[in-house]
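Model the full structure from these sequences, guided by the hints.
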Amino acid sequence: MIRGFFRLIGLLLLAGGFIFMVYDGARWVADQTLRFTRFGQFWNDINQASQTAFRSWVEAKAPWLWTSVIRLVLDQPVFAVLGILGILLMILFRPRKPLIGYSRD
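Residue numbers for the sequence shown follow this note's numbering, so the first one is 108 and each next one is one higher.
Worth flagging that the hints you see were computed from the coordinates, not collected in a lab. Worth double-checking, as some hints may not be accurate.
Claimed, not checked - Cβ-Cβ distance ranges computed for the label pairs, FRET-style:
(1) A167 to G208: 34 to 44 angstroms
(2) W135 to R203: 35 to 45 angstroms
(3) R203 to W164: 32 to 42 angstroms
(4) R134 to F161: 21 to 31 angstroms
(5) L199 to P170: 25 to 35 angstroms
(6) D182 to S157: 15 to 25 angstroms
(7) P205 to Q139: 45 to 55 angstroms
(8) L199 to Q148: 32 to 42 angstroms
(9) D138 to L206: 51 to 61 angstroms
(10) P205 to W171: 40 to 50 angstroms
(11) A156 to I207: 52 to 62 angstroms
(12) I194 to R145: 16 to 26 angstroms
(13) D182 to F113: 19 to 29 angstroms
Glycine included, every Cβ here is placed at the ideal spot set by N, Cα and C.
So, in structure tokens, the structure goes:
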């Protein structure tokens, strides 16, 4: 049951990534300039207080993690981050292959 729940979350993240890819593409067609919505900007628009709280928590635990990994993720396009997370969840929680020839005891 939990496997199905995480696959559903992965599918929703994949759909969100597709929506942001269409949004950025429509903005490109309208403005004739290619600008991607960055993940950090999107998170800021949703809830700025949670991003600053997360930053202070990470910098208190491991300051190198913020500068090397998390800032890199926050600068990526939203469709790429959501798409990769969705695909990762779909792959990690895929159904087991049925065993052929003997039973599962």
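Hints and how they fare:
no. : hint                             : in the structure
1   : A167 to G208: 34 to 44 angstroms : violated, 54 angstroms
2   : W135 to R203: 35 to 45 angstroms : holds, 42 angstroms
3   : R203 to W164: 32 to 42 angstroms : holds, 36 angstroms
4   : R134 to F161: 21 to 31 angstroms : holds, 27 angstroms
5   : L199 to P170: 25 to 35 angstroms : holds, 29 angstroms
6   : D182 to S157: 15 to 25 angstroms : holds, 18 angstroms
7   : P205 to Q139: 45 to 55 angstroms : holds, 52 angstroms
8   : L199 to Q148: 32 to 42 angstroms : violated, 28 angstroms
9   : D138 to L206: 51 to 61 angstroms : holds, 54 angstroms
10  : P205 to W171: 40 to 50 angstroms : holds, 45 angstroms
11  : A156 to I207: 52 to 62 angstroms : holds, 53 angstroms
12  : I194 to R145: 16 to 26 angstroms : holds, 20 angstroms
13  : D182 to F113: 19 to 29 angstroms : holds, 27 angstroms
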